[in-house]
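Going line by line, the protein sequences match chains A, B and C.
Quick note: the first sequence uses this note's numbering, first residue 1, plus one each step.
Quick note: the second sequence uses this note's numbering, first residue 1, plus one each step.
Quick note: the third sequence uses this note's numbering, first residue 1, plus one each step.
If you're looking for bench data, these hints aren't it; they were derived computationally from the structure.
For each residue, glycine too, the CB sits at the ideal point set by N, CA and C.
Hints are not guaranteed to be accurate.
[Claimed, not checked] Covered stretches of chain A (in silico footprint by chain B; criterion: 3 or more residues with CB under 8 Å from a CB of chain B, positions within the stretch not fixed):
hint : region
1    : 146–153
2    : 156–165
3    : 169–178
The chain contents come next:
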Amino acid sequence: MTEKNDSDIDDFEAPNPLLSKSDDLDDDERLIIDIEGFEGPLDVLLALSRTQKVDLKQISILELVKQYLEFVQQARALRLELAADYLVMAAWLAYLKSRLLLPEEENEDELSAEELAARLTYQLERLNAIRERAAILMSRNQLGRDMFARGAPEPVIVTRHHTYDLSMYELLKAYAEHKTREAVADIRILKKSVYTLDQAINRLSDMLGLAIDWTSLEAFLPDGIEDEQLAKSMKASMFSATLEMAKVGKADLVQKQIFGPLFIRGRKQEVTEDEE
Amino acid sequence: MDNHEQLRICEALLFASDRPLSSIALAEQLPEGSDVEAILSELQKKYESAGVHLVEVAGKWMFQTASDLAFLLRKEEEKERKLSRAAVETLAIVAYHQPVTRAEIEEIRGVGVSKGTLDVLMEAVWVRPLGRRRTPGRPMTYGTTEDFLVQFGLNSVKDLPGLAELKAAGFLDNVNTSRLNLLSDEEPDEEQPDLPMDDDESSSEEQVIS
Amino acid sequence: MDNHEQLRICEALLFASDRPLSSIALAEQLPEGSDVEAILSELQKKYESAGVHLVEVAGKWMFQTASDLAFLLRKEEEKERKLSRAAVETLAIVAYHQPVTRAEIEEIRGVGVSKGTLDVLMEAVWVRPLGRRRTPGRPMTYGTTEDFLVQFGLNSVKDLPGLAELKAAGFLDNVNTSRLNLLSDEEPDEEQPDLPMDDDESSSEEQVIS
Chain A
1 MTEKNDSDID
11 DFEAPNPLLS
21 KSDDLDDDER
31 LIIDIEGFEG
41 PLDVLLALSR
51 TQKVDLKQIS
61 ILELVKQYLE
71 FVQQARALRL
81 ELAADYLVMA
91 AWLAYLKSRL
101 LLPEEENEDE
111 LSAEELAARL
121 TYQLERLNAI
131 RERAAILMSR
141 NQLGRDMFAR
151 GAPEPVIVTR
161 HHTYDLSMYE
171 LLKAYAEHKT
181 REAVADIRIL
191 KKSVYTLDQA
201 INRLSDMLGL
211 AIDWTSLEAF
221 LPDGIEDEQL
231 AKSMKASMFS
241 ATLEMAKVGK
251 ADLVQKQIFG
261 PLFIRGRKQE
271 VTEDEE
Chain B
1 MDNHEQLRIC
11 EALLFASDRP
21 LSSIALAEQL
31 PEGSDVEAIL
41 SELQKKYESA
51 GVHLVEVAGK
61 WMFQTASDLA
71 FLLRKEEEKE
81 RKLSRAAVET
91 LAIVAYHQPV
101 TRAEIEEIRG
111 VGVSKGTLDV
121 LMEAVWVRPL
131 GRRRTPGRPM
141 TYGTTEDFLV
151 QFGLNSVKDL
161 PGLAELKAAG
171 FLDNVNTSRL
181 NLLSDEEPDE
191 EQPDLPMDDD
201 ESSSEEQVIS
Chain C
1 MDNHEQLRIC
11 EALLFASDRP
21 LSSIALAEQL
31 PEGSDVEAIL
41 SELQKKYESA
51 GVHLVEVAGK
61 WMFQTASDLA
71 FLLRKEEEKE
81 RKLSRAAVET
91 LAIVAYHQPV
101 TRAEIEEIRG
111 VGVSKGTLDV
121 LMEAVWVRPL
131 GRRRTPGRPM
141 TYGTTEDFLV
151 QFGLNSVKDL
161 PGLAELKAAG
171 FLDNVNTSRL
181 NLLSDEEPDE
191 EQPDLPMDDD
201 ESSSEEQVIS
């Protein structure tokens, strides 16, 4: 286990698999080859700073700037695509370098070159420190890797009993509401706007006795029907009724032109024969 | 590897496994020639008076909560629930129309009665099956229970207020008075011609709440 | 109920669970006035040399296999979560700096946080959003979860290894998220107007690891 953990840390500190495999190359070339493996300019700077083989606090910023600018230059020479981050850092480092080399001007608004350099060192140290912690963290014994929880946990079975409460008022209200709905439904059902054939035949039979002369079908329809649906239904049923009456020989029908009015005349067998 | 270490290994393997392990499977993790059976019975003895026991099930071994502590793993919870509108209405219909079949309830309500609705009412012990009606299909009829009467403070279902009383109490205010005569409970069969039933006959074979 | 019985109950409950249980949850199953802490340390001692240990993680208690037997059990665990370098680093930053914003993580690492990185950590339920910081832009802050503590065997984030040293070195001080903070303190927002924040204000209202 210790072995494994150690190798985890190694992995972590030498994150680029290519880097460890290309020992025969010199540092700079290795860095460029592995540009893809870097996690941004700070990562490159941290890797470069290791080549100085001193504590990060004692690092030569000027040397680091030189190494970084060379790294960027070579990467460009090899036509490697560099993300903007790397170029911004290069520009800033070039600026820092010039500030460090030139005699410092007194300017209260700006940080001194030493302060800027100290900040860069701080950032590198901070990243380095968190990486060390990350490695330590990952090398800890982990649950599910080094230790295991109960493989077949016995769950707590919760049985829920439901209780219900209902008042008499709620019960009766529900029944009343149901009855109310039922009543409303009845009213709707009664609004049937259909005039049946039987009704029409009855009405026509009753009225035919009065129709001694030719009478228009309209005259047989009841007055004052406002329901349009019902009126249509009546007309249709009455028409069917006349056909029915003619068929059984109780009425004569005449229509003088297509779509013209339909005339009906009662045919009271004995009476009509007598008259004619 | 000493005996104690072998015991620890078996203990850890059995603890971490998601299924019972055979002694053969355990032996694979131990030095050759280890007496797995002896280790297992030693382990079993070790847990004899613990809250967890090592048990042999179908020739395999597993840790299990001591049976006298199984109650720890069962929790009973009482939870008050509200009846749905459909359930309250169904309960009322059962109360007024009992004995009543599910199809009749559906006919009266004009909508289907989900299985859950009657289940909830039976869970609440307010509705119970009364027996099967002697008609084609032998449908189950339902009625109210003793608990129902207790819940609503009734001596008998006959004490449920009639429609006229409901109207007088203002429950039916929204109903057109001229239509009230349509609300009669007396002729339920007229509206259910497809559900032939003979009340005189059925009442003899069904328990009637008195 | 005697002491041994109380021990058995805690043993059974903890054994039956694959998650840590709080001493409060355990106390609920014991007679009032029971000294749960004493029972737990007795139980811990009982398992000291066993293949299974009682450990305190995330302020709660759970049984897990002894870490020295990892070699034995790891074989069974085929799928080990392999985190990317960026994810591991991000996890450490979240753990040590929480509550921390995405912009702060980016500042510390000197590189943008790809969307997937935080997602992976949240999917593993090691990282969770902690709420928005009350600064302009109201950025979301992130922190670690109970699962994180359980996974890494930590009782609380205060127990993170080397936390005190990081703090003493000033590495946990507020992170200035203007990417080019090296250039100037005065105009931090110019370079990253989309992530404005005022660290002085925020530190007072958020929990700070001490």
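Hints, verified against the model:
Coverage of the region 146–153 of chain A by chain B holds [criterion: at least 3 residues with CB-CB distance below 8 Å; count 5]. Only residues whose beta carbon comes within less than 8 Å of a beta carbon in chain B count, and the region 156–165 of chain A has 10; three or more means the coverage holds. Coverage of the region 169–178 of chain A by chain B holds [criterion: at least 3 residues with CB-CB distance below 8 Å; count 9].
Of the hints listed earlier, there is not a single one the structure fails to meet.
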